[in-house]
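S.K.: Sequence:
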Amino acid sequence: METAAGQPARVVPYAISINREGKRFVDESKGYVNHGKAVLTQPGQSTSLVFDQTLRDSVAESVMTTFARLGLTVHQADTLEALAALIGVPVAPFVQTVTEFNAAVADGAAPGAVPPKATLANRIETPPFYAFSPLVPGITLTFGGIMINDRAQVLEADGRVIAGLYAAGEGAGAAFFHDYIGGGSLTNCLVMGRIAGRQAAS
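For the sequence shown, position 142 matches number 245 in my numbering, and the numbering has no gaps at all.
Just to be clear, a hint being listed does not mean it is correct.
What the hints assert, rightly or not - Okay, the calculated beta carbon distance ranges per label pair:
(1) Glu203 / Leu268: 54 to 62 Å
(2) Gly300 / Leu258: 17 to 25 Å
(3) Glu124 / Thr243: 34 to 42 Å
(4) Asp253 / Pro218: 40 to 48 Å
For the record, the hints were derived by calculation from the structure and aren't laboratory data. Each residue gets a CB set at the ideal place from its N, CA and C atoms; glycine is no exception.
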């Protein structure tokens with residue numbers, strides 16, 4: 104089991120997300136749900152998460168360790184031009200994007216960047232430079248699930264109880280509709296899981 108500290112999502116708000124054209128396309132500080140949705144609108148539905156040595160030291164080291172243990176590639180280069188070649192994006196737009204982003208960073212934000220970054224903005228300027236690439240969105244949970252009652256019993260479409268079948272957590276009817284708050288499913292999992300266990304044991 105991986106901890107949150109070992110997941111690329113931990114780095115997303117601090118790094119910059121680059122599409123196949125070598126350009127930023129999202130405010131990375133708005134969280135992984137917003138980021139994932141934005142990635143789905145990009146060519147190839149993938150991104151490269153770019154950061155520098157300063158960010159590696161401050162927030163990305165645990166993710167680097169996880170990637171190494173799993174045998175996953177982390178691209179590393181001494182120059183932005185070399186990193187662009189490694190991740191397969193056009194050099195000129197990529198270098199221009201990073202240069203313009205760096206110039207826009209002030210007091211932890213980059214309001215003049217395209218697109219703007221509201222918070223957690225860090226210049227990408229200390230070599231070596233790194234990229235998790237390619238990254239694609241994953242499914243965290245459904246916004247639906249199996250219908251249950253207050254005893255965690257699974258229900259037929261017409262509302263009848265299916266005897267002996269229980270469900271809990273986000274697979275059992277969701278508390279969320281359009282967006283998801285990180286960790287927000289845990290209460291549902293714990294409370295309904297306990298109820299389901301007690302009901303099944305009785």
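S.K.: All the hints need checking, so say for each whether the structure fits it.
M.R.: The hints, checked one at a time:
1. Glu203 / Leu268: 54 to 62 Å: 56 Å, holds
2. Gly300 / Leu258: 17 to 25 Å: 18 Å, holds
3. Glu124 / Thr243: 34 to 42 Å: This hint is violated: roughly 27 Å between Cβ atoms.
4. Asp253 / Pro218: 40 to 48 Å: Because 44 Å falls inside the window, the suggested range holds.
The structure is inconsistent with hint 3 alone, although it conforms to all the rest.
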